[in-house]
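Engineer: Take a look at the letters that make up each chain.
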Amino acid sequence: MREILSLIFMIVGGFFNLFGCIGLVRLPDIYNRLQASTKCVTLGTCLTLLGMMINGPLNSSLKGFLCAIFILITAPTAAHALSRASIKAGINLWEKSVVNKLKEEEK
Amino acid sequence: MITILFIFLLICSFLCLYRISKGPSPGDRVVGIDILGIIVVNFCTIITYLTKVDFYMNIALSWALLSFIGTLAVSKFLEGKGFDE
Amino acid sequence: MKRGILTFLLFIAWIFLTWPFGKEIDWQVLVVGFFISILSGYIFGEGFTESPHKFFGFKRYLWAIAYIPVLIYWCIIANLDVAYRVLHPNLPIRPGIVKVKTRLRSKSGLTVLANSITLTPGTMSVEIDSNGYLYIHWIYVKTDDIEKATEMIVRKFEKILERIFE
Amino acid sequence: MNNNEKGMSIIVKTVTRWIKGFIFLFGLSIVLFGHLTPGGGFPGGVIFAATFILITLAFGKEYVLKKIGKTLASELDSLGALLFLIIATLGIYFSGIFFSNFIEKTHPTGNFKLFSSGIIPLCNISIGMKVGSCLFMIFIIVSVVRVIFEDGKGKLITTEKKDKK
Chain A
943 MREILSLIFM IVGGFFNLFG CIGLVRLPDI YNRLQASTKC VTLGTCLTLL
993 GMMINGPLNS SLKGFLCAIF ILITAPTAAH ALSRASIKAG INLWEKSVVN
1043 KLKEEEK
Chain B
302 MITILFIFLL ICSFLCLYRI SKGPSPGDRV VGIDILGIIV VNFCTIITYL
352 TKVDFYMNIA LSWALLSFIG TLAVSKFLEG KGFDE
Chain C
837 MKRGILTFLL FIAWIFLTWP FGKEIDWQVL VVGFFISILS GYIFGEGFTE
887 SPHKFFGFKR YLWAIAYIPV LIYWCIIANL DVAYRVLHPN LPIRPGIVKV
937 KTRLRSKSGL TVLANSITLT PGTMSVEIDS NGYLYIHWIY VKTDDIEKAT
987 EMIVRKFEKI LERIFE
Chain D
2 MNNNEKGMSI IVKTVTRWIK GFIFLFGLSI VLFGHLTPGG GFPGGVIFAA
52 TFILITLAFG KEYVLKKIGK TLASELDSLG ALLFLIIATL GIYFSGIFFS
102 NFIEKTHPTG NFKLFSSGII PLCNISIGMK VGSCLFMIFI IVSVVRVIFE
152 DGKGKLITTE KKDKK
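So the protein sequences, as listed, match chains A, B, C and D.
One rule links them: number in the working numbering = place in the first sequence (from 1) + 942.
One rule links them: number in the working numbering = place in the second sequence (from 1) + 301.
One rule links them: number in the working numbering = place in the third sequence (from 1) + 836.
One rule links them: number in the working numbering = place in the fourth sequence (from 1) + 1.
Please note: incorrect hints may appear among the correct ones.
[To be verified] Distance windows between CB atoms, simulated:
hint, chain 1, residue 1, chain 2, residue 2, range
1, C, Phe844, A, Gly1032, 44 to 50 angstroms
2, A, Gly1032, C, Arg999, 38 to 44 angstroms
3, B, Ile305, D, Phe99, 26 to 32 angstroms
4, B, Pro327, D, Lys7, 50 to 56 angstroms
[Said to hold, decoys possible] Residues on chain B that point at chain A, a partial pick, calculated with CB under 7 angstroms:
hint, residue
5, Leu306
6, Ser326
7, Asn343
8, Tyr350
9, Leu351
10, Lys353
11, Met358
12, Ala361
Since the hints were made in silico from the structure, they are not lab data.
Beta carbons: idealized from backbone N, C-alpha and C, even for Gly.
Use the sequences and the hints to build the structure in full.
Structural biologist: Take a look at the structure:
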């Protein structure tokens, strides 16, 4: 029972990772890519870790818990730092973008 | 089932490598490298699941940490500042 | 007191990292962990938190526990949303950067709010202002008015985060 | 929106404030369990250096140079090398062989504990001190010291000196 449950969690996590990486290739702009890939890969990694934690020795379960918390804290922070740096470096948004409040403020 | 998962993660790695090699701006390449670092954590998790040995999680933690610091350093460089200010 | 709080948290993290309560209690690991958590708590303790009295309010922990299911729910919704947008052949996106306002003032609250916004449907925090304004990259812009965007993006977390961090 | 602010944005600063102690503890655990799990002195030292590099990236150089200056880093560097040499030489004094393991070991078939392998943890600790402070000094010197050219001849300055003027 526990094995089946953990396999289900890991497969769902793998699907989410795959969606994130497809988004990394298909979307047109660095900001959209960053958004899709960060969301999907973070949740996919946490689900894979959860599947390992359900059916594993206690040592590795606790380390996996710490690893999940670490990734939940740091992955959005890295995305924020990278997007802010791209804005500062002058990389423009996609040409079909609707609104850019940040550029309107600077004028 | 585990084979399917490995195939998924391999496809993910190759998509990231495509973005790293193709990306028009430097920021795109850094996004690819950042996501590739988290995919490696997934690989370590699956190896822990298969072998029941707990020190692969140490490798996963160190990899996530160093990937985070590398992303911060490159983004600070893209921002146009020196490393020390 | 800041150093004491950090030392306590580090000791818990050490127990999680090297589980010493196996078949028999491993006293060597416990004693070494006590001393090195005192050491690293002494080195890094002064910058850990800015208002240590907030750690002793018991209600904050209950609200923090109530915050976890909300975050998980919006996280799963966000992933299904991204999967829909990515797998659709026409790419239904309409991106843009909007501006929202938040009532939170403490730095920890702003950080948790920005990270939660990055993990929830279609939004990512790009830039933060010192006056409580956040610039959000939205993958499908529904409105560019400040008040409406605040109502749609920020409110669902702000009500709980105010009780935790303020 | 103010570009004159030191360091990176407020979110990166707060996250750094939260996780720096835990990263240091993780490096210490890698050093101390170097004889039981993969790891040891060098990876642990790299993680020590990574902690201070993270603080330097997030807060700017004043914050970290106040805590661990260049003199303290070089002292720790020398102290690590000296401890390693002293441990090696004590082996000659006790049993006549350079680097002999003179502290009593438990039997290899028994349970492996933290203090069951003689001098290997002490060597790991000294290597960790050496590597951590040395990598941190390399980072500080590469990022702080700059060469400017005045009147055709190169002149080596540090930004610390420039701040004092």
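Engineer: Take the hints in turn and mark each one as holding or not.
Structural biologist: Hint check:
Between Phe844 of chain C and Gly1032 of chain A the beta carbon distance is about 46 angstroms. The supplied range of 44 to 50 angstroms therefore holds. At roughly 40 angstroms, the beta carbons of Gly1032 of chain A and Arg999 of chain C sit within the given window of 38 to 44 angstroms. Distance hint check: the CB atoms of Ile305 of chain B and Phe99 of chain D are about 54 angstroms apart, inconsistent with the given range 26 to 32 angstroms. Taking the beta carbon of each, Pro327 of chain B and Lys7 of chain D are about 24 angstroms apart, not inside 50 to 56 angstroms as hinted.
Given hint, Leu306 of chain B at the interface with chain A, holds; its Cβ is 5 angstroms from that chain's nearest Cβ, closer than 7 angstroms. Hint status for Ser326 of chain B: holds, given a least beta-carbon distance of 5 angstroms to chain A, under 7 angstroms. Against a cut-off of 7 angstroms between C-beta atoms, the interface hint on Asn343 of chain B holds, since the closest Cβ of chain A lies about 5 angstroms away. Proximity of Tyr350 of chain B to chain A holds as hinted, the smallest CB-CB distance being about 5 angstroms (cut-off 7 angstroms).
Checking Leu351 of chain B against chain A: minimum C-beta separation of about 10 angstroms lies over 7 angstroms; hint violated. Checking Lys353 of chain B against chain A by beta carbon gives a least distance of about 6 angstroms; that is within 7 angstroms, so the hint holds. With a cut of 7 angstroms, the hint placing Met358 of chain B at the interface with chain A holds, because the nearest CB-to-CB distance is about 4 angstroms. Residue-level restraint check for Ala361 of chain B holds (minimum Cβ-Cβ distance to chain A is 5 angstroms; threshold 7 angstroms).
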